Amino acid sequence: MHPRVDTPAPTPVVEPVEADGALRTAAPVRILASGVLPSMPHAADDHVRTLSRFHRLMGRPEATSIAGAALIFAIFGFAAGDSGMFALDGVMNWSVVSAYLGIIAVGACLLMIAGEFDLSMGSMIGFAGMIAAIPPLYFGWPVWLAMLISLACALLLGFINGQIVVRTGLPSFIVTLAFLFVLRGLTLAFSIMAADRTIVSGIGDLAVNDPVARVLFSGTFGDRLFSAMAHHGWIAARDDGSPLVQGIPKVVIWWLGIAAACSFRLHRTRFGNWIFAVGGDANAAKNVGVPVRRVKVSLFMFTALCGWLFAMLQICDIGSAAADRGLQKEFEAVIAAVIGGSLLTGGYGSVIGACFGALIFGVVQIGITYTNLNSDWFRVFLGLMLLLAVLFNNQLRRRMTQAR
Amino acid sequence: MDPSPPDYVLELDNVSKFFGTVIALNDVTVRLKRGEVHCLLGDNGAGKSTLIKILAGVHPPSRGIYRVDGKPVEFDSPSDALDLGIATVYQDLALVPLMSVCRNFFLGREPTRSLWGIRLFDREYATRVAHEKLADMGIVVRDANQTVGTMSGGERQCLAIARAIHFGARVLILDEPTAALGVKQSANVLRIIARARDKGISVIFITHNVHHAYPVGDTFTLLNRGRSMGTFHKTEISRDEVLNMMAGGQEMQELMTELGVRL
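Here the protein sequences come in this chain order: A and B.
Number 404 marks the last residue of the first sequence (this note's numbering); no jumps.
Number 1263 marks the last residue of the second sequence (this note's numbering); no jumps.
Honestly, I wouldn't trust all of these hints.
[Unchecked claim] In silico DSS-like pairs for lysine-lysine, Cα to Cα no more than 30 Å straight-line: (1) B:Lys1199 - A:Lys286; (2) B:Lys1133 - B:Lys1199; (3) B:Lys1199 - B:Lys1033; (4) B:Lys1234 - B:Lys1033; (5) B:Lys1199 - B:Lys1184; (6) B:Lys1133 - A:Lys286.
For the record, the hints were derived by calculation from the structure and aren't laboratory data.
For clarity, every value in this text was computed on a predicted model and none was experimentally measured.
This is chain A alone, in the form it adopts within the complex (with noise of 0.2 Å):
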């Protein structure tokens, strides 16, 4: 795009080639810091670039997946816009499969900027809910304690996942994949030695009585605002006069907090900037002094961690637990990350990108049945969307590390 302009060695003042107009916004002329080298003749060389606007906003790992969410929303404000998809109810039904999927894809998205994969999350959830639903339910525990012990099983299955991969340097992806049988025949076993069966009902309402799980993980968030906007007529309201939609589900809350703070973390701060480093190159990292195992171990606890709170948030939602759950998220969760812009080689990527995949992955599938449309073709589209991710995603890292 740019050809080198190679000049004759000894010249001191070279006039800059214009190579191409097109995409070029301003003249390339050398910014000397002025004074600073009084020795030093320059040649005119390839220093100096000029990206264009819209180069630079294609640039980022996000542009791909919100340009792509708004033109889902665009189909389906044309295709299923008078079905009451974008009712508030409606909102609520897609948003909340995308909340569910966004917070796994966080951290999977962390992770992939790390350049490691965790397979298991999928079936972290399924063990994590059984750890937590069987004890309040069969041995009387509380629930809170219950859900710390699944925390804590949870974190130090990341650990050891984590220590497995960083110490031996087997790729992650075999390393999770087998914890992804590991655990879910973990969670088979457990629950059919502890309640004889695979299923486990009765812990949502124990969820609501318990203080701790009350607040965090059951219900929904504002209702006395959504009352009163019902009161008002502003939203839509039962005969009784309460509202519709009681208020915005938890997991809606909790993906948005962790996604503002990861994405904080990412971009903000030290080990921000570790992460992606770390992913892009592991042996630089290491030599310019990154705990590149400490950033690396952390992050797949992080992914357990988003794992267990999906598994709270869904039993507390369902009230109940089952040894199934959570079948194939772990790649909903890489799918998500990818639309969003995250290299599957690491050291590119963005929480807020990943975000958005989720959201594209829950407004087709809770979409399509608003339409006409046979569900089975979700599947076909969340392939296709994939492949189209990738394939830019490929093209997004070629012209970044490309030196031109």
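Once you have looked at the hints, place chain B on chain A.
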């Protein structure tokens, strides 16, 4: 011109290094004066890499003494050497291509500022200082947020050198900084080396290219098959003499004549 003996920053006295039965270095003596560019010249397998690793604290010498500021030292790890201001810029440069210039510049040593008790990566400071320090070395980066991947090899080399200087290097060990570069890019790196010397930094410049070494070097040590063939001051030796002392020098000379490169 001759400084008194204590004015050496680094000294290797009769150093040998053995790897099993392999004699990588045999009785080599190298002395680096303060504020000079000392070129270590040798073809592949001459022992240049081993010498760097001893200087950088990666390997201890098997025999002989390593002195810094006249005092004998024994380094356990490269960070010991770094603590004394001896920074090595390896060929892989330790840069992350997908990250921006300023993030790379401060990688592992990020400046932070506090906002409501949260420690933040100080982007503004990082951008400004990276920009300043690079400009100081004669590298103009318009956008400190461009990725290192879009920079040329020479620019990357300069960035790595500028980074080492910023973080307190008083001795720079450069491992073949011009090896993968074109002529013009190499010239830029050589300028940076000269600039570093002007700032009072002592430089060990490892290369197998006499035409790169001669313009910036003050002193030349020639290595051949693990042995030193002597150290010469620039006034004592001409470029062609250096070239002829190196293995393959004649071939290079012919090639340079053929290509008509003047430095």
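Here is what the structure says about each hint:
no., hint, result
1, B:Lys1199 - A:Lys286, "29 Å, holds"
2, B:Lys1133 - B:Lys1199, "13 Å, holds"
3, B:Lys1199 - B:Lys1033, "14 Å, holds"
4, B:Lys1234 - B:Lys1033, "14 Å, holds"
5, B:Lys1199 - B:Lys1184, "23 Å, holds"
6, B:Lys1133 - A:Lys286, "23 Å, holds"
Checked against the numbered hints listed earlier, the structure breaks none of them; every hint is satisfied.
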